[in-house]
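Those protein sequences? They're chains Y and X, same order as listed. The first sequence finishes on residue 343 if you use the UniProt record's numbering, and the numbering steps up by one all the way, no holes. The second sequence finishes on residue 345 if you use the UniProt record's numbering, and the numbering steps up by one all the way, no holes.
Keep in mind that the hints were calculated from the coordinates and are not lab data. Keep in mind that a hint or two might mislead.
Said to hold, decoys possible - Partial list, derived from the structure: chain X residues whose beta carbon lies under 8 angstroms from chain Y:
| id | residue |
| --- | --- |
| 1 | Gln171 |
| 2 | Thr205 |
| 3 | Leu285 |
| 4 | Thr287 |
| 5 | Pro306 |
Since this is a predicted model, take the numbers as computed values, not measurements. Heads up, the beta-carbon is just placed ideally off N, CA and C, and yes, glycines get one too.
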Amino acid sequence: MTAPASSTKVRGETILSVDNVVKHFPISQGVLFKKQVGAVKAVDGVSFELRRGETLGVVGESGCGKSTLARLLMRLETPTSGRATLEGRDLFKASGAELRRLRRNMQMVMQDPYTSLNPRMTVGDIIGEPFEIHPDAAPRGSRRKRVQELLDVVGLNPEHINRYPHQFSGGQRQRIGIARALALRPEIIVCDEPVSALDVSIQAQVINLLEQLQDEFGLSYIFIAHDLSVVRHISDRVAVMYLGKIVEIGTEDEIYERATHPYTQALLSAVPVPDPEVRHERNIIRLTGDVPSPADPPSGCRFRTRCWKAQEVCATEEPLTVARAADPHPSACHFAEVRPAAA
Amino acid sequence: MTNSTVQPTPASATPEGGHLLEVRDLYVEFRTSEGVAKVINGVSYHLDAGETLAVLGESGSGKSVTAQAIMGILDSPPAHVRSGQILYQGRDLLTQPEEQRRQVRGKEIAMIFQDALSALNPVFPVGWQISETLRTREGMSRADARRRAIELMDLVKIPAAERRIGDYPHQFSGGMRQRVMIAMALALNPKVLIADEPTTALDVTVQAQIMDLLADLRRDLGMAMILITHDLGVVAGVADRIAVMYAGRIVEHADVRSLYRAPAHPYTKGLLESIPRLDVRGQELATIRGLPPNLMRIPSGCPFHPRCPYVQQVCVDVVPHDLVLGDGRTSACHFAQEVRDDSAR
Numbered sequence: 001m002t003a004p005a006s007s008t009k010v011r012g013e014t015i016l017s018v019d020n021v022v023k024h025f026p027i028s029q030g031v032l033f034k035k036q037v038g039a040v041k042a043v044d045g046v047s048f049e050l051r052r053g054e055t056l057g058v059v060g061e062s063g064c065g066k067s068t069l070a071r072l073l074m075r076l077e078t079p080t081s082g083r084a085t086l087e088g089r090d091l092f093k094a095s096g097a098e099l100r101r102l103r104r105n106m107q108m109v110m111q112d113p114y115t116s117l118n119p120r121m122t123v124g125d126i127i128g129e130p131f132e133i134h135p136d137a138a139p140r141g142s143r144r145k146r147v148q149e150l151l152d153v154v155g156l157n158p159e160h161i162n163r164y165p166h167q168f169s170g171g172q173r174q175r176i177g178i179a180r181a182l183a184l185r186p187e188i189i190v191c192d193e194p195v196s197a198l199d200v201s202i203q204a205q206v207i208n209l210l211e212q213l214q215d216e217f218g219l220s221y222i223f224i225a226h227d228l229s230v231v232r233h234i235s236d237r238v239a240v241m242y243l244g245k246i247v248e249i250g251t252e253d254e255i256y257e258r259a260t261h262p263y264t265q266a267l268l269s270a271v272p273v274p275d276p277e278v279r280h281e282r283n284i285i286r287l288t289g290d291v292p293s294p295a296d297p298p299s300g301c302r303f304r305t306r307c308w309k310a311q312e313v314c315a316t317e318e319p320l321t322v323a324r325a326a327d328p329h330p331s332a333c334h335f336a337e338v339r340p341a342a343a
Numbered sequence: 001m002t003n004s005t006v007q008p009t010p011a012s013a014t015p016e017g018g019h020l021l022e023v024r025d026l027y028v029e030f031r032t033s034e035g036v037a038k039v040i041n042g043v044s045y046h047l048d049a050g051e052t053l054a055v056l057g058e059s060g061s062g063k064s065v066t067a068q069a070i071m072g073i074l075d076s077p078p079a080h081v082r083s084g085q086i087l088y089q090g091r092d093l094l095t096q097p098e099e100q101r102r103q104v105r106g107k108e109i110a111m112i113f114q115d116a117l118s119a120l121n122p123v124f125p126v127g128w129q130i131s132e133t134l135r136t137r138e139g140m141s142r143a144d145a146r147r148r149a150i151e152l153m154d155l156v157k158i159p160a161a162e163r164r165i166g167d168y169p170h171q172f173s174g175g176m177r178q179r180v181m182i183a184m185a186l187a188l189n190p191k192v193l194i195a196d197e198p199t200t201a202l203d204v205t206v207q208a209q210i211m212d213l214l215a216d217l218r219r220d221l222g223m224a225m226i227l228i229t230h231d232l233g234v235v236a237g238v239a240d241r242i243a244v245m246y247a248g249r250i251v252e253h254a255d256v257r258s259l260y261r262a263p264a265h266p267y268t269k270g271l272l273e274s275i276p277r278l279d280v281r282g283q284e285l286a287t288i289r290g291l292p293p294n295l296m297r298i299p300s301g302c303p304f305h306p307r308c309p310y311v312q313q314v315c316v317d318v319v320p321h322d323l324v325l326g327d328g329r330t331s332a333c334h335f336a337q338e339v340r341d342d343s344a345r
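So here's chain Y without its partners, still in its complex pose (with noise of 0.2 angstroms):
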């Protein structure tokens, strides 16, 4: 497979900025009248930039948003507001032809291997399928070849072009759903939890096969997912989210070894190391209760409910997620603090 087009462009560069991006689901009540009595704000005004060649880890609890976030960047979901520039372009305004060629250049990979691939269709057509959308992409005669190429790529073999997904195995088919999102050659990659589906053993091969393919051909990854250890591994910058929002964005150093917002610190201590000796040396935060339902977020600052931090200060006026004093990356809390234990 040969490199695309963009190997040629400056690494670290931006190539994707998200502007305030908002996404709320109305809830509507009646049958005969419906009438709008909220919304589940789902995505709350997130920004960020995602530069050529690295791995923007975004990472938060069940309903913090981060999969709708996916959805609008892949413009499966209508955002309500808020802009995405891709190339120079609008995401959110772009459509038809415009719309079809951005497409091409971002591509997705799904959590789950057994229900993002059509059981009635064979390996090859799965992975040529973007080619029938794209026809300029690969002539209709070399496509067989390009699949097999592919299925090379992720490391499945090439005459298994003819099987179904039932014949594979969950982490041969999170492979075929990667040479899917490969076929068009784009240079972002969106993976919505793309291993946690996977049995630990099969997790670092697939981990690995992403990393590869991120050097092979210079991919930018947003690499979603609740697994606090895998985004540390693969991620060169990494954005905490709750409740809609991004609370903390940074380098990995910064956000795994320097976090100062509390929702961060509580995350990172609460992930269980798989080691029983370091274990008694940690500082564990517990957090109380759950998380608010994002219908009714809490005024002010969103975490404040189960910050123990809080004041009033908390309740009346809403963070940015901008520098602070504390450490010289964005974080969202009014007592940004490095915790102390960490440092």
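Fit chain X to the supplied structure of chain Y, relying on the hints for placement.
Same frame as chain Y, but now just chain X:
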């Protein structure tokens, strides 16, 4: 113990009067139209009062099926217990008539499941479900059972239990539902609690809460616990001993600290090296090559040999027996000593 030469029971000595629960050389197979899947192939483990045993394995390793066999809730057909014993306080559960087994289930050994939403009945209030066993098994009056249900909900730290007793499962969050299920399991004061992936469906912050709760309950109520999980991180915090399963066998059995310090089976070693760690930077992820075996065609000799970096001809030919290592652990590997020395380095 007279039969100690037959069944090496590692990592801890047998207490007076035998183990609380002991699985001996259990074989279970699933007979399907496509063939016979050998799901459990000679599993032995034991549990003593007040301790926590973690059973670790990936999907298809047989960890849940063993637990279902203990509970007597295997779906048969297709499941079929070919041989083996499950001794609870010295009596073999497998030979008991169903009527007697029912007395053990719930009252002596209780189980909680991974997915609380599908384990709870959506059309009954949670209080009703928690108190159901109390009414039918203990013959409690409705009022008494209700009072006890509130106590149980308090015990598992569901806030405002009295107010929430009439709520339905869908009105609870994932973590709270798991607490409801724990309350149900505790209703009859069991001596053994089997927790099958209790936190897998939960977020990390909630997972930590539930694991704490289980640890507290185990200590306060003096229960023994079997924790079934695939998560090496969860195990490290709560278990006393670990049994690692692969292809229906226990491949390594050890106390938690020595297992993490120096795994003595190539599979355990591979697992520990393949998980990204939060507290380690710039780590290279090792992988275990290949795939878990098809249980209808388990490889000859050691079932792990096609994936094993230590493989030799003997591994293809001979099924390895549990090798008892110096410090009372066992590993079903021909090269256990070597693997452990490598890991310790």
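So, going through the hints one by one against the coordinates:
Hint on Gln171 (chain X) is violated. Least Cβ distance to chain Y is approximately 12 angstroms, over the 8 angstroms limit. Annotation: Thr205 (chain X) was flagged as interfacial toward chain Y, and the flag holds, the nearest CB pair being 5 angstroms apart, inside 8 angstroms. Interface hint at Leu285 (chain X): satisfied, since its Cβ lies 5 angstroms from the closest Cβ of chain Y, which is below the 8 angstroms cut-off. The criterion of a C-beta within 8 angstroms of any C-beta in chain Y is met by Thr287 (chain X), whose closest approach is roughly 4 angstroms, and the hint holds.
Violation of the interface hint for Pro306 (chain X) is found here, the shortest Cβ-Cβ separation to chain Y being roughly 13 angstroms, above the 8 angstroms cut-off.
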